[in-house]
Amino acid sequence: MNRLRETSGKEERLQGPVGRRGLIAGAVGLPLLLSVPALPARAAGSSTMDVTGWRLPSLSFTMTDADTGRVVTARDFRGKLVLLYFGYTNCPDVCPLTLHNIALILHRLGKEAAGVQPLFVTVDPHRDTLAVLRRYTHLFSPEIVGLRGTADQLAALARSYHIGYSVSPATASHPYEVTHSSAIYVFDARGRARLLIPSLASTTPDIAGTTADLERLLGVGHDGALARLGRLL
Amino acid sequence: MTLRNPKSSVVPRRHAPGRPNCGGAGMPAAIALLGVSLLASGAARAASPVSVTGAWFRYLLSSIPAAGYMTLQNSSAEAIVLTGASSPACGMLMLHRTETAGGVDRMVPVKQVTVPGHGSFRFAPGGYHIMCMRPAMQVGETVPVTLKFSDGDQVHVPFAVQGANGPAGTKMKMPM
Chain A
1 MNRLRETSGK EERLQGPVGR RGLIAGAVGL PLLLSVPALP ARAAGSSTMD VTGWRLPSLS
61 FTMTDADTGR VVTARDFRGK LVLLYFGYTN CPDVCPLTLH NIALILHRLG KEAAGVQPLF
121 VTVDPHRDTL AVLRRYTHLF SPEIVGLRGT ADQLAALARS YHIGYSVSPA TASHPYEVTH
181 SSAIYVFDAR GRARLLIPSL ASTTPDIAGT TADLERLLGV GHDGALARLG RLL
Chain B
234 MTLRNPKSSV VPRRHAPGRP NCGGAGMPAA IALLGVSLLA SGAARAASPV SVTGAWFRYL
294 LSSIPAAGYM TLQNSSAEAI VLTGASSPAC GMLMLHRTET AGGVDRMVPV KQVTVPGHGS
354 FRFAPGGYHI MCMRPAMQVG ETVPVTLKFS DGDQVHVPFA VQGANGPAGT KMKMPM
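Protein chains in written order, with the working numbering: chain A, 1 to 233; chain B, 234 to 409.
These aren't lab readings, by the way, just hints derived from the structure by calculation.
One or more of the hints may lead you astray.
Unchecked claim - Pair ranges (Cβ atoms, derived):
| no. | chain 1 | residue 1 | chain 2 | residue 2 | range |
| --- | --- | --- | --- | --- | --- |
| 1 | B | 389 | A | 159 | 32 to 40 Å |
| 2 | B | 306 | A | 126 | 25 to 33 Å |
| 3 | A | 114 | B | 316 | 48 to 56 Å |
| 4 | B | 369 | A | 166 | 27 to 35 Å |
| 5 | B | 385 | A | 60 | 31 to 39 Å |
| 6 | B | 286 | A | 142 | 31 to 39 Å |
| 7 | B | 295 | A | 176 | 14 to 22 Å |
| 8 | A | 73 | B | 384 | 57 to 65 Å |
| 9 | B | 294 | A | 58 | 54 to 62 Å |
| 10 | A | 129 | B | 371 | 16 to 24 Å |
| 11 | A | 171 | B | 308 | 40 to 48 Å |
| 12 | A | 70 | B | 308 | 56 to 64 Å |
| 13 | A | 129 | B | 341 | 43 to 51 Å |
Claimed, not checked - Listed next, the stretches of chain A that the computed footprint assigns to chain B, with coverage defined by at least 3 CB atoms under 8 Å from CB atoms of chain B:
| no. | segment |
| --- | --- |
| 14 | 132–140 |
| 15 | 191–204 |
By construction, the Cβ of each residue, glycine as well, lies at the ideal position given by its N, Cα and C atoms.
The shape of chain A in the complex, shown without the other chains:
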């Protein structure tokens, strides 16, 4: 059964991933996005969106891999489904909840999890060192890899997928503040953007549904076999 809500092109544009407030400062040249209304407050059962038709760029980035300390690009992760999530380690609530739910999905995938690569990109490279990132992601699941880039590398990646974030250093009147998009993007083994999960920061996430969506992309099960056939044609 097809669990994704397939929408017409026009409807998909209205369900943009981030609203005006979510766009990073200086994100010019995105007239289509600027006209998209803000994503409504997360409703119960807000579901994953099929973004295949959105013409997002194929996954591309330059970052440092927290596991190895080496510079990596998106090519290093081709061949697996990539789950791309942005956060920071000093986030006590939302990021751990999201990573925990990602871990639940991997757990549910069983041996199929070997075909999935979750990536946790820090929006706070100033405070998040490679060592902290490495220890942090593996608390949730061994497969989750942390990525850390320069401010420019981060901005380039976030801009491609309209991911909003901000980091405000502490001042006398307010503490260090970080905001970041709740969305998780899913890219297929060839790096094409396929799904947008609006948020997994919920205590009632649709783990079964999201797992089924990933299985379909992995080519597992009845729908997956049809998807595999479709890709061959």
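Assemble chain B onto chain A, guided by the hints.
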């Protein structure tokens, strides 16, 4: 997701602010009255109207904050107002909540939380949480937290320390 935490269904003890004023006159009668009231209550201090269940911390690393969650229940008819918390296991404890707007998440500090009369208030992942800065705790142990209320009451609650995957992680044998 149901949090199962058998250790934390406690009725916390309440510290009554101030001390009883013992007058000099009618001492024997006063002592007799005191004796009767002690027998009647069975305890030197009154039980708090606040009860707390499901109290746990998600502990990650010692260098980053741990988030605490719990459900507060108020058995009295009047609202009670939680204003803060402290613990020897935390350098500082602050009330926070996660706010989502336009697909962007942020954490905002909370000055106080009102538990309505005969009502409850839930601190749960994705919403209200207690942020424990500089946590000194280990997965598997229980740490004491003192909740502070606007009327001066202090309520002691033991929090179970869970790992990254929380109570579900223990159940599913995932990384702790």
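Structure-based check of each hint:
no. : hint                       : result
1   : B:389 to A:159: 32 to 40 Å : violated (49 Å)
2   : B:306 to A:126: 25 to 33 Å : violated (41 Å)
3   : A:114 to B:316: 48 to 56 Å : holds (49 Å)
4   : B:369 to A:166: 27 to 35 Å : holds (31 Å)
5   : B:385 to A:60: 31 to 39 Å  : violated (58 Å)
6   : B:286 to A:142: 31 to 39 Å : holds (33 Å)
7   : B:295 to A:176: 14 to 22 Å : holds (18 Å)
8   : A:73 to B:384: 57 to 65 Å  : holds (59 Å)
9   : B:294 to A:58: 54 to 62 Å  : violated (34 Å)
10  : A:129 to B:371: 16 to 24 Å : holds (23 Å)
11  : A:171 to B:308: 40 to 48 Å : holds (42 Å)
12  : A:70 to B:308: 56 to 64 Å  : holds (58 Å)
13  : A:129 to B:341: 43 to 51 Å : violated (26 Å)
14  : 132–140                    : holds (count 6)
15  : 191–204                    : holds (count 6)
Of the numbered hints given earlier, the model fails hints 1, 2, 5, 9 and 13; all others are met.
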